[in-house]
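Engineer: Sequence:
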Amino acid sequence: MKTPNYHDFYQTAFLPIGANDFVSLKDTDAYIPESNSTHWLIAVEGVQLPQPRIYYHWKVSIYPAANDGDFNWKKPYFCSQNMEQMDHAIALASSLAASCKKDELSSAALLEKIS
Numbered sequence: 001m002k003t004p005n006y007h008d009f010y011q012t013a014f015l016p017i018g019a020n021d022f023v024s025l026k027d028t029d030a031y032i033p034e035s036n037s038t039h040w041l042i043a044v045e046g047v048q049l050p051q052p053r054i055y056y057h058w059k060v061s062i063y064p065a066a067n068d069g070d071f072n073w074k075k076p077y078f079c080s081q082n083m084e085q086m087d088h089a090i091a092l093a094s095s096l097a098a099s100c101k102k103d104e105l106s107s108a109a110l111l112e113k114i115s
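Residue 95 in this note's numbering sits at position 95 of the sequence shown, and the numbers go up by one each step.
These are calculated hints, taken from the structure and not from any lab test. Mixed in with the good hints, there may be bad ones.
Listed below are the simulated BS3-like cross-link pairs for lysine-lysine, each with C-alpha atoms no more than 30 Å apart in a straight line [claimed, not checked]:
no., residue 1, residue 2
1, 59, 102
2, 26, 75
3, 59, 75
4, 102, 26
5, 26, 59
6, 101, 59
7, 74, 26
8, 26, 101
9, 102, 75
10, 74, 59
11, 74, 101
Cβ-Cβ distance ranges computed for the label pairs, FRET-style [what the hints assert, rightly or not]:
no., residue 1, residue 2, range
12, 31, 68, 17 to 25 Å
13, 90, 50, 20 to 28 Å
14, 90, 51, 18 to 26 Å
15, 50, 107, 32 to 40 Å
16, 52, 79, 20 to 28 Å
17, 56, 95, 14 to 22 Å
Cβ atoms here follow ideal geometry from the backbone N, Cα and C, with glycine treated the same way.
Please build the complete structure, drawing on both the sequences and the hints.
Structural biologist: Next comes the structure, spelled out in structure tokens:
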């Protein structure tokens, strides 16, 4: 597995996982019981395109994280499709953060995957 590009990894939110979202998290591959996940880490990540000039598309990733910020980059809860503009990724990250605060991330992430 390719190591993520932390040069273009921008954490946008670190929010507590609500009770409803925690139940949903437990039913996914992203859940690791011994990791002590209590928060969501929402990030905008650059995805370098395979071409001679350095050019990026952007995606939003959400990881379950421990309260000290530790997370497993190999097991995201959610990854968006790549977007050409970073502004669109930032807007999506903000929208998903609002869903986290309402304990509705599982519903918002499902809708985003369907769209």
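Engineer: It remains to establish, for every hint, whether it holds in the given structure.
Structural biologist: Each hint, compared with the structure:
1. 59 <-> 102: 22 Å, holds
2. 26 <-> 75: 13 Å, holds
3. 59 <-> 75: 15 Å, holds
4. 102 <-> 26: 18 Å, holds
5. 26 <-> 59: 23 Å, holds
6. 101 <-> 59: 21 Å, holds
7. 74 <-> 26: 16 Å, holds
8. 26 <-> 101: 18 Å, holds
9. 102 <-> 75: 23 Å, holds
10. 74 <-> 59: The hint holds at about 15 Å.
11. 74 <-> 101: 24 Å, holds
12. 31 <-> 68: 17 to 25 Å: 18 Å, holds
13. 90 <-> 50: 20 to 28 Å: 24 Å, holds
14. 90 <-> 51: 18 to 26 Å: 24 Å, holds
15. 50 <-> 107: 32 to 40 Å: This hint holds: roughly 35 Å between Cβ atoms.
16. 52 <-> 79: 20 to 28 Å: About 26 Å separates the Cβ atoms of residue 52 and residue 79, which means 20 to 28 Å holds.
17. 56 <-> 95: 14 to 22 Å: For residue 56 and residue 95 the Cβ distance comes to about 21 Å; the hint holds.
Hint violations for this structure: none, all hints satisfied.
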